Amino acid sequence: MTHLTESMTTDTHGNSNNNSTRWQSSRLLILADTWLQRLRVRKQSASEHSHWWDFIFRWRREKMFYCQDFMAGVYRFSPMQRFAFAGETITIWDYPDRLIISLLLSLIKPVFKHIISPQCLHLQGPSGVKTATQQLQKALKSKPFRYVIRADIRGYYASIDHEILIQQVQESFDDPRVRGYFQAMITAPIDAGGVLLSPNKGIPRRSGLSPFLGALYLTPLDRAFEQKKGVYYVRYMDDIIILAQTKRQYVKAKRRLYYVLNALKLQLSPHKTRMGLLADGFHFLGVKFESSQNDLNQIQVTAEIHDRSCRRALARVRVMKEDAVNSANIQRYLRRWATWWARTIGLYVPADLLVAWQSYIHAYEPQWVWLARG
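For the sequence shown, the residue numbers in the numbering used here are 1 to 374.
Source of the hints: derived by calculation from the structure; they are not laboratory data. Treat the hints with care, as some may be off.
Derived pair list, reagent style BS3-like, types lysine-lysine, alpha-carbon separation capped at 30 Å [to be verified]:
hint, residue 1, residue 2
1, 254, 228
2, 130, 113
3, 113, 228
4, 130, 252
The structure presented is a predicted model; accordingly, all values stated were derived computationally and were not measured.
Turn these sequences into a full structure, and let the hints steer you where they fit.
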């Protein structure tokens, strides 16, 4: 167990006390100012009715109080705000709460590697997709896997049980301030148009600590598959891949998967989950994988971009077109998109991905095919 305690000095496991440089007001003020400057750039065109301007007005005279309350463990979060848009409902924190969350994240981030399994890759950010893709290709080439479980959790963020998550936090940290802040965030009420709701499950997606909490909650599943002989396992948020060499290993992996998910009160999404023979191929994080053996019993692996990735790029182009974005800027976006995926898959050059995108959109928006040629 990794701890952040008041009785120990900072060490390689992230342990700290009140005298630790991690909790020093000077460091926290620098972090707070840096966070604010990054947010300023994005909020230049904020509505005049936004709470942002009130927060900025109070910032200079109150930032020390924010940091002092945070260090003392007495900061209190406001209810989260729920907003409904066309096709989407979001829950967000007020600006002072976002600041405190960013400070807490900076405090605990060094100990992630001691809490989260190395088989959970989304804390790396977008580069985790590249890591997962390359690891999968390497695994498929290394052993004759015959079975695959490609699993996706139904409504993952919305299904996370508060009681279980709080217990996991308690087991991961000793510092009462860290424990208290996590519990306050997890159980914070939601202001839904003047009505305060207190759900017992679900965490917001748009929070700096959401990726960590999403990683922590499925840690029991990661541990259940670590170093299992004949089985390969990797996870990116709630997207899970399990490869097995024999049918017995495959059946045991399925049983173990369902057992852990049941204990965590989670269910698989039937439309996004596939279990069966690897020969049929599978897709993971926007990449299609296939593995086969030639006449010399050599393993051959192919990986190519999935239609879903092309569809998302097309959706982005549509939005840019609706916003009257200059065609040259759209072409630059497509070149960046193709370069990123070429590096991620590792088997293509950007021009190949642009051709794949052209082929995909020809049936939907043929008038835009030329955008990928510039």
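Results for each hint:
1. Taken as a hint, the residue 254 and residue 228 pair is honoured in the structure, with Cα atoms around 13 Å apart against an allowance of 30 Å.
2. For the given pair, residue 130 sits about 19 Å from residue 113 by alpha-carbon distance, which is consistent with the 30 Å threshold.
3. Only pairs whose Cα atoms come within 30 Å are accepted, and residue 113 paired with residue 228 is accepted, the gap being roughly 20 Å.
4. Between residue 130 and residue 252 the CA atoms are separated by roughly 29 Å; this keeps the pair inside 30 Å, and the hint holds.
Every hint from the earlier list agrees with this structure, and none is contradicted.
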